[in-house]
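Chemist: Take a look at the letters that make up each chain.
Number of protein chains: 2
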Amino acid sequence: MVDLVVLGSVGYDSIKTPFGSADNVLGGAATYASIAASFFAKPGVVAVVGEDFSGMDKFLSRNISTDGIKIVKGMTFRWSGYYEYDMNEARTVETQMNVFEGFSPALPESYKKAKSVFLGNIDPGLQLSVLKQMRPELVVADTMNYWIENRRDALFDVIKKSTIFLLNDGEARQLFSTTSLAAAGKKILSLGAKAAVIKKGEHGVLLFTDSSVFMLPGYPLENVVDPTGAGDSFGGALSGCLLKNGLSEQSLRKAVVYGSAVASFSVEDFGTSNLERITMSDIERRYREFEAMIRF
Amino acid sequence: MVDLVVLGSVGYDSIKTPFGSADNVLGGAATYASIAASFFAKPGVVAVVGEDFSGMDKFLSRNISTDGIKIVKGMTFRWSGYYEYDMNEARTVETQMNVFEGFSPALPESYKKAKSVFLGNIDPGLQLSVLKQMRPELVVADTMNYWIENRRDALFDVIKKSTIFLLNDGEARQLFSTTSLAAAGKKILSLGAKAAVIKKGEHGVLLFTDSSVFMLPGYPLENVVDPTGAGDSFGGALSGCLLKNGLSEQSLRKAVVYGSAVASFSVEDFGTSNLERITMSDIERRYREFEAMIRF
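Here the protein sequences come in this chain order: A and B.
Each residue of the first sequence is one higher than the one before, starting from 24 at the first, in my numbering.
Each residue of the second sequence is one higher than the one before, starting from 24 at the first, in my numbering.
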């Protein structure tokens with residue numbers, strides 16, 4: 024039984040960093056998020072791919088449902104980009120939407136009763152359309168600057184319907200025209216989300232709820248190889264973790280830590296390689312390291 | 024009895040930010056650091072000012088010794104600069120060294136027995152010259168990019184002689200040609216410092232010792248008015264706090280939190296205005312807020 028629906032892109036990435044490169048590796052928000060979530064939940068992916076797609080096994084081997092991945096005529100989504108020494112910012116060389124143009128998600132029956140959904144970074148119109156096809160108790164939604172600039176109204180609808188809304192620090196400032204992340208977090212809550220999560224890359228995460236603020240620094244990695252998908256991995260792991268532990272303040276905080284632990288592994292190799300390599304005990308070890316490193 | 028010697032500039036700052044401006048306010052590393060330290064210790068400032076200086080009362084009224092502030096012919100040090108929306112980076116318009124040109128610090132007898140010293144951001148040659156005149160148990164030293172570029176060898180001598188060496192994230196990366204703050208922290212320890220503290224502005228602080236890493240996020244302020252002197256306030260409060268509580272791992276971590284609390288107040292108004300307004304109970308309250316916001 025799928026208990027977490029994961030919407031987002033599935034495609035191929037070509038990535039350059041100061042430390043190396045990778046061509047045509049399996050990527051996309053739904054790929055990272057579902058693999059990250061699979062440590063905690065039984066995810067089912069909603070996406071579209073072309074006839075050239077050969078990555079289904081990566082999902083199936085992790086017990087991730089691919090029933091919601093539609094295969095259509097044409098080429099799979101492709102992204103290429105690079106990072107400079109400041110690995111916090113991806114620079115896009117090319118985005119080929121390909122089969123994502125005109126994609127209209129239709130949830131398989133087996134997904135419709137899932138208790139939770141992770142709406143990965145994608146057109147907010149598609150996020151809303153998935154929401155209409157199910158009655159989830161938990162809605163975690165992510166976005167990016169492109170939708171802030173081009174689909175602002177639909178994006179506000181998504182925020183209103185979210186239990187937890189995620190975005191990164193630059194986007195939070197842009198969305199609410201403020202320099203203050205604390206002010207941006209409050210705005211998200213005032214729109215109706217139960218929690219706002221602001222992702223700051225290597226600088227960690229802020230979690231805002233009506234009753235408190237939680238701050239987690241980033242895991243201090245010595246070698247960041249490829250930041251692609253870190254935010255998606257975070258969101259997927261957080262969603263899976265909440266599904267297991269509920270929505271108390273304590274559970275939200277724990278989910279942020281587990282999400283950060285999984286994301287920190289994700290960036291230690293290109294693509295999803297390291298996420299595929301680690302086990303739950305690696306994640307638990309990093310969780311305990313976080314505990315030791317923030318105590319005073 | 025002075026128990027903490029504070030070396031650094033004392034002068035007048037003119038500051039512009041997107042939210043306002045202040046002209047000719049009392050500033051300089053030693054000013055911020057000694058006021059911040061005065062909550063925990065009895066500081067004595069080592070600096071030089073010109074005949075135009077009229078700020079002695081600000082120190083004396085806080086029980087900060089000015090015996091080490093030399094008054095000489097000429098004009099006091101002046102700095103003018105501005106911040107854009109990213110308040111993490113100060114942009115210098117003009118630095119008038121004035122009486123700091125040719126300054127050679129001579130410690131008053133009453134300072135020489137002090138157990139600790141904060142070597143604020145200043146020419147590392149001056150930092151070394153102050154060290155030679157005393158036998159402190161605790162040496163906390165700060166620096167900035169200018170000295171990394173122009174006085175590298177002397178700066179390495181300072182690091183070797185430091186108990187705790189502070190610098191900001193960009194400077195840490197620059198000093199050791201690495202993108203990894205964890206790697207930079209280890210390098211500082213390998214040079215002989217007992218602890219390395221990397222200041223990340225609004226993103227908080229990293230503390231590296233041989234046995235562990237401590238990470239503290241920044242206090243989530245809604246309104247940052249003027250970041251000038253935040254790092255100096257942090258360093259001064261940290262030094263004062265350590266003097267009181269010793270150098271155990273736990274004491275180091277607590278000092279980082281107190282330093283961050285004091286620095287967070289400092290940036291809420293122009294110059295030292297807010298530091299002069301707050302009381303120890305305000306600082307204790309923010310310390311407890313940190314505790315509540317990082318717990319999971």
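Keep in mind that the hints are not guaranteed to be accurate.
Since the list can't tell identical chains apart, any single copy or any two copies may satisfy a pair.
[As the list claims (entries may be wrong)] Derived SDA-like pairs: lysine to any residue, alpha-carbon spacing no greater than 20 angstroms straight-line:
| id | residue 1 | residue 2 |
| --- | --- | --- |
| 1 | K39 | K209 |
| 2 | K93 | L154 |
| 3 | K39 | S203 |
| 4 | K39 | F319 |
| 5 | K135 | G97 |
| 6 | K277 | F319 |
| 7 | K209 | E245 |
| 8 | K136 | M98 |
| 9 | K184 | Q156 |
| 10 | K155 | P250 |
| 11 | K210 | L83 |
| 12 | K155 | E107 |
| 13 | K277 | M316 |
| 14 | K210 | E245 |
| 15 | K277 | R318 |
| 16 | K81 | D292 |
| 17 | K210 | L244 |
| 18 | K135 | G78 |
| 19 | K39 | T201 |
| 20 | K81 | D180 |
| 21 | K183 | F76 |
| 22 | K93 | A113 |
| 23 | K209 | P243 |
| 24 | K136 | R311 |
| 25 | K277 | E312 |
The hints are simulated quantities; they were obtained by calculation from the structure and are not laboratory data.
Chemist: All the hints need checking, so say for each whether the structure fits it.
Modeler: Each hint tested on the structure:
no., hint, result
1, K39 / K209, "neither (36 angstroms within a copy, 27 angstroms between copies)"
2, K93 / L154, "within (18 angstroms within a copy, 70 angstroms between copies)"
3, K39 / S203, "between (32 angstroms within a copy, 18 angstroms between copies)"
4, K39 / F319, "neither (39 angstroms within a copy, 36 angstroms between copies)"
5, K135 / G97, "neither (27 angstroms within a copy, 79 angstroms between copies)"
6, K277 / F319, "both (18 angstroms within a copy, 6 angstroms between copies)"
7, K209 / E245, "between (33 angstroms within a copy, 10 angstroms between copies)"
8, K136 / M98, "neither (31 angstroms within a copy, 76 angstroms between copies)"
9, K184 / Q156, "within (13 angstroms within a copy, 66 angstroms between copies)"
10, K155 / P250, "neither (32 angstroms within a copy, 46 angstroms between copies)"
11, K210 / L83, "neither (39 angstroms within a copy, 44 angstroms between copies)"
12, K155 / E107, "neither (40 angstroms within a copy, 43 angstroms between copies)"
13, K277 / M316, "both (15 angstroms within a copy, 13 angstroms between copies)"
14, K210 / E245, "between (35 angstroms within a copy, 12 angstroms between copies)"
15, K277 / R318, "both (15 angstroms within a copy, 10 angstroms between copies)"
16, K81 / D292, "within (17 angstroms within a copy, 54 angstroms between copies)"
17, K210 / L244, "between (32 angstroms within a copy, 15 angstroms between copies)"
18, K135 / G78, "neither (24 angstroms within a copy, 71 angstroms between copies)"
19, K39 / T201, "between (32 angstroms within a copy, 18 angstroms between copies)"
20, K81 / D180, "neither (33 angstroms within a copy, 53 angstroms between copies)"
21, K183 / F76, "neither (35 angstroms within a copy, 57 angstroms between copies)"
22, K93 / A113, "neither (28 angstroms within a copy, 51 angstroms between copies)"
23, K209 / P243, "between (28 angstroms within a copy, 12 angstroms between copies)"
24, K136 / R311, "neither (34 angstroms within a copy, 43 angstroms between copies)"
25, K277 / E312, "both (13 angstroms within a copy, 19 angstroms between copies)"
Taken one by one, the earlier hints fail for this structure at numbers 1, 4, 5, 8, 10, 11, 12, 18, 20, 21, 22, 24, listed in ascending order.
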